[in-house]
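**Student:** The chain contents come next:
There are 2 protein chains.
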Amino acid sequence: MPKSPVLTPRAQDFPRWYQDLINKAELAENGPVRGTMVIRPYAYALWERMQSEMDARIKATGAQNAYFPLFIPQSYLTREAEHVEGFAPELAVVTHGGGKELDEPVVVRPTSETIINEYFSKWVQSHRDLPLLINQWANVVRWELRPRIFLRTTEFLWQEGHTAHATQEDARAFAARIHREVYADFMVNVLGIDVVLGRKTARERFAGAINTLTLEGMMGDGKALQLGTSHELGTNFATAFGTRFLSREGRQEPVWQTSWGTTTRMIGALIMTHGDDDGLRVPPRLAAVQAVVMAIKGEEAVAEVHRVAEVLRAAGVRVQVDDRVDTPFGRRAVDWELRGVPARIEIGPRDLAEGTAMLARRIPGGKTPVRIDALAELLPGILEEDQATLLRQSREHRIARTTDVTTVEEAIEAATAGGWARIPWSVLGQEGEATLAEQAVSVRCLVAEDGSVPVADDAPGNVAVVARAY
Amino acid sequence: MPKSPVLTPRAQDFPRWYQDLINKAELAENGPVRGTMVIRPYAYALWERMQSEMDARIKATGAQNAYFPLFIPQSYLTREAEHVEGFAPELAVVTHGGGKELDEPVVVRPTSETIINEYFSKWVQSHRDLPLLINQWANVVRWELRPRIFLRTTEFLWQEGHTAHATQEDARAFAARIHREVYADFMVNVLGIDVVLGRKTARERFAGAINTLTLEGMMGDGKALQLGTSHELGTNFATAFGTRFLSREGRQEPVWQTSWGTTTRMIGALIMTHGDDDGLRVPPRLAAVQAVVMAIKGEEAVAEVHRVAEVLRAAGVRVQVDDRVDTPFGRRAVDWELRGVPARIEIGPRDLAEGTAMLARRIPGGKTPVRIDALAELLPGILEEDQATLLRQSREHRIARTTDVTTVEEAIEAATAGGWARIPWSVLGQEGEATLAEQAVSVRCLVAEDGSVPVADDAPGNVAVVARAY
Chain D
1 MPKSPVLTPR AQDFPRWYQD LINKAELAEN GPVRGTMVIR PYAYALWERM QSEMDARIKA
61 TGAQNAYFPL FIPQSYLTRE AEHVEGFAPE LAVVTHGGGK ELDEPVVVRP TSETIINEYF
121 SKWVQSHRDL PLLINQWANV VRWELRPRIF LRTTEFLWQE GHTAHATQED ARAFAARIHR
181 EVYADFMVNV LGIDVVLGRK TARERFAGAI NTLTLEGMMG DGKALQLGTS HELGTNFATA
241 FGTRFLSREG RQEPVWQTSW GTTTRMIGAL IMTHGDDDGL RVPPRLAAVQ AVVMAIKGEE
301 AVAEVHRVAE VLRAAGVRVQ VDDRVDTPFG RRAVDWELRG VPARIEIGPR DLAEGTAMLA
361 RRIPGGKTPV RIDALAELLP GILEEDQATL LRQSREHRIA RTTDVTTVEE AIEAATAGGW
421 ARIPWSVLGQ EGEATLAEQA VSVRCLVAED GSVPVADDAP GNVAVVARAY
Chain G
1 MPKSPVLTPR AQDFPRWYQD LINKAELAEN GPVRGTMVIR PYAYALWERM QSEMDARIKA
61 TGAQNAYFPL FIPQSYLTRE AEHVEGFAPE LAVVTHGGGK ELDEPVVVRP TSETIINEYF
121 SKWVQSHRDL PLLINQWANV VRWELRPRIF LRTTEFLWQE GHTAHATQED ARAFAARIHR
181 EVYADFMVNV LGIDVVLGRK TARERFAGAI NTLTLEGMMG DGKALQLGTS HELGTNFATA
241 FGTRFLSREG RQEPVWQTSW GTTTRMIGAL IMTHGDDDGL RVPPRLAAVQ AVVMAIKGEE
301 AVAEVHRVAE VLRAAGVRVQ VDDRVDTPFG RRAVDWELRG VPARIEIGPR DLAEGTAMLA
361 RRIPGGKTPV RIDALAELLP GILEEDQATL LRQSREHRIA RTTDVTTVEE AIEAATAGGW
421 ARIPWSVLGQ EGEATLAEQA VSVRCLVAED GSVPVADDAP GNVAVVARAY
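The listed protein sequences correspond, in order, to chains D and G.
Residue numbers for the first sequence follow the numbering used here, so the first one is 1 and each next one is one higher.
Residue numbers for the second sequence follow the numbering used here, so the first one is 1 and each next one is one higher.
To be clear, the hints were calculated from the coordinates, so they are not data collected in a lab.
Heads up, a few of these hints could be off.
Because identical chains share one entry, a pair is satisfied inside a single copy or across any pair of copies.
[Stated by the list, open to error] Straight-line alpha carbon distances no greater than 30 Å define the calculated DSSO-like cross-link-like pairs of lysine-lysine that follow:
#1 Lys24 - Lys367
#2 Lys297 - Lys24
#3 Lys59 - Lys297
#4 Lys59 - Lys122
Just chain D, with the same shape it has in the complex:
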């Protein structure tokens, strides 16, 4: 008997499937103020796991966490010309505080380059103070006209790194290190998303950057999603804010800077990369719950699931118990499928007698009986296998839906059909990029012929990866 679908099938209506999944798996809800969101516990636990994995990688680069204020004087934003032009349309402005109209309105941070430079300019005096490597975990606000939960929200959570260096080479190397050792390593090896690493064109660069490195993932419908960016800011903000240092040679010079960020949008990427018609599938290395141990019915089964959970925890598996035997078993099983917990271990009275449990695997699918006393040994290997499966499927999907083309028309055709196109940048160029934009298609990034990240937009052999994007 085929299951009646809990979600709108992806093939029928991908955006509706996405929204269905978020509702039914209780991941998030819209907030009362347009474009804001409530992140519910199961999704927030995924974010905490992302934070924990990312934070360790960020700290391994030598960066330290700090916290800068939410409120920025409006005048700060205007000091860097491109920056204010990029962000002015998205600002939320506080005009009243403590019952009075403010002398100068303050903006709710859309990003913190300006306020951080105000302090960097005090803290950096000499080359001995460099590099200065700071990261913060915070909320930011960008007023969204077309909000979509997790992907584009008026308020979102993120980490933003901000660094200052003595030389352009050092800044460039650090931006590249974050791009590869922090972001790509996390996204590929924890999120299981086969991101493409590249360089943004001038048109797509961050407002105020001289170079933006990006990580692009292909979602289930063939569209692209930018999962993170790492910027070289050159000396733009340093010049605007007077962030200068005394060099070894005794000269006052502006610092070279980077900034880099990843957001709760990664939860959306996770859903749209690994989700299927039954719900989410969470990569085991990320999962806050890697295995749920379910009692089907009966007091003995309830006691047994708690015992088994302890054994599995001792083996290093992140386990949740489901002993809600008053709730129909089928409904609970569907809920865990929706939430994408990799392993479901079902124990009922009959299993107990035989010393076995039913193991349902969410990622490859299917159910097999296993001996309860073998679970602790089996599970870690199964989870690693599932992790590899998700990454492989992500890679295969991207390759299958990517076409090499040689004309702008073909690129538009491939992108509007729901896939990515690869076209030589020498063929496309800024003019072709403008033509794409008329069809809501964009250059997601430039990659070098050998797949590496180009050192310049116009480096020979650069290929543009072209797609519709979220």
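Once you've looked at the hints, dock chain G against the given chain D.
**Tutor:** The following block gives chain G in isolation, referenced to the frame of chain D:
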């Protein structure tokens, strides 16, 4: 030769000492918008340690983390009458977003009872959905007219717990559990602060609560600081927001709620409890850096401090290396004293030859030579001893500066002299409390005769703890 003081001595000017310490130890700075603050890396690492210790205790109660929006429609605040009266004067109001004036202004959350109840009212249907136990780590904004860094800031970081229960008894027990098992356990056993647990009088209660439990610490100058509160909200918000459930008996009933919070103000408490004229003293269980291993000079010493650091890390000690041999040793030593790192291990060429290091202990003070190969075995015990010393000193200070009195005049005298007074609540009463207020003295909390937390304001034998407060 007496050291020239780095900080204004506490006895000379306590508020200035506090500000000096924050500047010199590079803990924080004022933000550009009045009352906001920049939390610098060393202080932020203390906050991360607080978060980690608190979060584990919060999760052990069964509460789950989630995230609710920063922006709250202004109309929500007005639904609970006492609540809006309490918070209206402190609100920051966003009137413009995305370049347009908003139809309805939104407030930046001063606390989240209102927006959370909007969602609780959707999520709670039946007694099976209860208790609902939610916590969030977030920033909040309360416009401050007399800001003081860490203690009263326009924006601060905190955790706020929000729970819904089927019965008043269950809500009451949960508020008490947070008060004792989460907050008191953390403050006493990690922060090393000998807090007094009590109940707020009606005058001092949270706006919208029927009962507020508090933890009060005595600062170095004898003033009181409220370190955290846990509120019973009764059915006030549930009634205002329609948060109702179908009871076992089949009736629609409002839920009983709690809320509870602790903030970055705890960093201020830490400074003012354990700080001395040489700087901060960080309790080892809290410290992000428990021991710094310093190279005095020479390449061999630099190599050795890295080796020793690895050995100590393997022994479970949180260690930082200081190999900045180009910076004068004395200046570095003063910096580590200012920052209050419990153990300083100094290694120079002469020590190397003898296989010894100099161990400087920040908490009891003093320096002694120790064998380098004995450090890993010695340090954990030393750190536990230092932890106990700080708690003992906090307790002795509180006891020494607390006076039992029998009249309102004596209470005012004790409080204005820089201490706490204990006076029977039956003597003081609400009238006496109003008299205290005229002298900027307040009832910090009520405690029962046996030191426990009273079940009612007017329980026989209640004692009021009276002080000036931050």
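**Student:** Work down the list of hints and note, for each, if the structure agrees.
**Tutor:** Now for the hints, and whether the structure bears them out:
Proximity of Lys24 and Lys367 under a CA criterion of 30 Å is satisfied intra-copy only: 23 Å inside one chain copy versus 62 Å between copies. Proximity of Lys297 and Lys24 under a CA criterion of 30 Å is satisfied intra-copy only: 24 Å inside one chain copy versus 63 Å between copies. Taking CA atoms no more than 30 Å apart as the test, Lys59 paired with Lys297 passes between copies only; the shortest distance there is 27 Å, against 46 Å inside one copy. Taking identical chains as interchangeable, the C-alpha atoms of Lys59 and Lys122 lie at most 30 Å apart only when both belong to the same chain, with a minimum of 23 Å there against 40 Å between chains.
The structure shown violates none of the earlier numbered hints.
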